[in-house]
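Taken in order, these protein sequences are the chains called A and B.
Take the first sequence: its letters are residues 1 to 198, numbered as in the UniProt record's numbering.
Take the second sequence: its letters are residues 1 to 198, numbered as in the UniProt record's numbering.
A few of these clues could be false.
For identical chains, the list gives no copy identity; a pair is met inside one copy or between any two copies.
[Claimed, not checked] No more than 30 Å apart at the CA atoms, straight line, and that leaves these computed lysine-lysine pairs for DSS-like: (1) LYS129 - LYS23; (2) LYS137 - LYS161; (3) LYS36 - LYS161; (4) LYS137 - LYS45; (5) LYS66 - LYS161; (6) LYS16 - LYS161; (7) LYS137 - LYS16; (8) LYS45 - LYS16; (9) LYS36 - LYS23; (10) LYS45 - LYS129; (11) LYS96 - LYS66; (12) LYS129 - LYS9.
Simulated from the structure, these hints should not be mistaken for laboratory data.
Here is how the chains run, residue by residue.
Number of protein chains: 2
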Amino acid sequence: MQYPAPISKLIEGFMKLPGIGPKTASRLAFHVLNMKEDDVLEFAKALVNAKRDLTHCSVCYYITDKDPCLICDDSQRDRSVICVVEDSKDVMALEKMQEYRGQYHVLHGAISPMDGIGPEDIRMAELIKRLQDDTIKEVMVATNPSIEGEATAMYLSRMIKPTGIRVTRLAHGLPVGGDLEYADEVTLSRAVEGRREL
Amino acid sequence: MQYPAPISKLIEGFMKLPGIGPKTASRLAFHVLNMKEDDVLEFAKALVNAKRDLTHCSVCYYITDKDPCLICDDSQRDRSVICVVEDSKDVMALEKMQEYRGQYHVLHGAISPMDGIGPEDIRMAELIKRLQDDTIKEVMVATNPSIEGEATAMYLSRMIKPTGIRVTRLAHGLPVGGDLEYADEVTLSRAVEGRREL
Chain A
1 MQYPAPISKL IEGFMKLPGI GPKTASRLAF HVLNMKEDDV LEFAKALVNA KRDLTHCSVC
61 YYITDKDPCL ICDDSQRDRS VICVVEDSKD VMALEKMQEY RGQYHVLHGA ISPMDGIGPE
121 DIRMAELIKR LQDDTIKEVM VATNPSIEGE ATAMYLSRMI KPTGIRVTRL AHGLPVGGDL
181 EYADEVTLSR AVEGRREL
Chain B
1 MQYPAPISKL IEGFMKLPGI GPKTASRLAF HVLNMKEDDV LEFAKALVNA KRDLTHCSVC
61 YYITDKDPCL ICDDSQRDRS VICVVEDSKD VMALEKMQEY RGQYHVLHGA ISPMDGIGPE
121 DIRMAELIKR LQDDTIKEVM VATNPSIEGE ATAMYLSRMI KPTGIRVTRL AHGLPVGGDL
181 EYADEVTLSR AVEGRREL
């Protein structure tokens with residue numbers, strides 16, 4: 001005995017999403033059955049539209065529905081700094097801070113020899129090409145503080161430094177509001193290493 | 001600075017689902033962007049179809065795409081027992097056991113005076129009507145072991161017993177594979193109360 005086909009298919013659909021197992025998928029599917037038909041239609045449309053209308057900005061490779069994207073197109077922003085991130089989501093995180101007013105470059109991945117991902121598999125060549133523009137004075141590397149992110153940062157630094165452009169990396173240290181007691185050794189050692197005069 | 005409209009809408013759509021907050025919603029939305037277009041279309045179609053094609057069986061109120069549902073329509077099943085559950089998902093859980101071969105009745109809720117849900121707000125009248133059929137010998141109450149489920153079970157027992165039909169309730173006790181140490185007092189006291197000869 002199985003669920004009727006339409007609900008089984010919906011459950012399968014939800015199960016393809018990350019972090020959603022059979023139990024959660026069936027809970028979500030049953031929730032959909034109790035939603036208003038208009039809301040379901042709108043959600044289905046949002047899915048299709050997001051997939052169809054979104055593309056990557058031809059300059060910075062951030063997701064966008066216009067090309068160039070709103071950030072690259074904004075004449076108020078500082079064109080001398082490029083912040084390099086792994087993922088479009090990271091752009092959003094940095095924008096939330098409302099302090100950085102420069103440009104971005106989304107690599108769509110990080111160098112990971114273990115997974116066979118080299119510089120040619122991410123948007124690295126496109127970044128190097130952008131740097132030929134004389135207005136760029138600084139590249140701020142904001143890849144994740146993971147092994148892959150660090151490897152990418154090292155690679156970038158080696159590639160870019162010879163050109164005379166400043167290469168910076170986001171500081172490592174204790175997260176604000178965190179507890180010293182729970183900080184791991186590596187973070188703590190980085191925090192000590194990067195200590196500043198008060 | 002916001003995400004482009006198509007992705008914001010998709011994130012909002014995911015956030016309407018139960019247990020999905022802003023972080024998970026944006027993770028899911030970005031996952032959709034990386035999915036194959038066909039898979040996204042299929043998922044969107046599954047959403048709409050599930051909402052459009054599924055209805056409740058006019059006999060037992062289980063979700064179905066045919067009326068009467070496969071269970072009510074199955075002549076091999078025992079028509080003398082009706083198992084009363086709160087939700088369509090509960091039917092599936094009982095069917096997985098592959099031991100029960102009777103009929104079902106889905107109440108679509110439970111009596112809950114705190115939330116203002118009375119017997120008239122759930123499919124209670126429809127159940128009472130089904131019981132006028134002489135073939136029914138037993139009503140097995142499988143509502144949840146919660147306050148609302150127990151209240152519903154009590155109500156059913158009072159309504160049905162005078163008609164001479166047997167009313168039974170699923171046993172309470174220790175879950176198989178569970179640990180006595182972690183059982184709560186109420187479950188333990190029910191397990192002692194319901195102890196059986198070995």
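Homomeric proximity label, LYS96 with LYS66: Cα distance no greater than 30 Å: Only inside one copy: LYS96 and LYS66 sit 21 Å apart there, 50 Å across copies, limit 30 Å.
Within, between, both or neither: LYS45, LYS129 at alpha-carbon 30 Å: Neither way: LYS45 and LYS129 sit 37 Å apart in one copy and 42 Å across, limit 30 Å.
Alpha-carbon proximity context of LYS129 and LYS23, limit 30 Å: For LYS129 and LYS23, the Cα distance exceeds 30 Å both inside one copy (48 Å) and across copies (33 Å).
30 Å Cα threshold - placement of LYS161 relative to LYS137: within (11 Å within a copy, 85 Å between copies)
Homomeric proximity label, LYS36 with LYS161: Cα distance no greater than 30 Å: Neither: 57 Å inside a chain and 38 Å across chains, both beyond 30 Å.
Copy assignment of LYS16 with LYS161, given that the CA separation must stay at most 30 Å: neither (43 Å within a copy, 47 Å between copies)
30 Å Cα threshold - placement of LYS9 relative to LYS129: neither (45 Å within a copy, 34 Å between copies)
Up to 30 Å CA-CA - LYS161 versus LYS66, copy category: Neither way: LYS66 and LYS161 sit 33 Å apart in one copy and 68 Å across, limit 30 Å.
Homo-oligomer pair classification [LYS23, LYS36; C-alpha up to 30 Å]: both (22 Å within a copy, 24 Å between copies)
Intra- versus inter-copy proximity for LYS16 and LYS137 (alpha-carbon distance at most 30 Å): neither (43 Å within a copy, 44 Å between copies)
Within, between, both or neither: LYS45, LYS16 at alpha-carbon 30 Å: Result: close both inside a copy and across copies, 18 Å intra and 15 Å inter.
Within, between, both or neither, where LYS137 and LYS45 count as close if Cα-Cα is 30 Å or less: This pair counts as neither: shortest intra-copy Cα distance 43 Å, inter-copy 49 Å.
Comparing the model with each numbered hint stated earlier shows that hints 1, 3, 4, 5, 6, 7, 10 and 12 do not hold.
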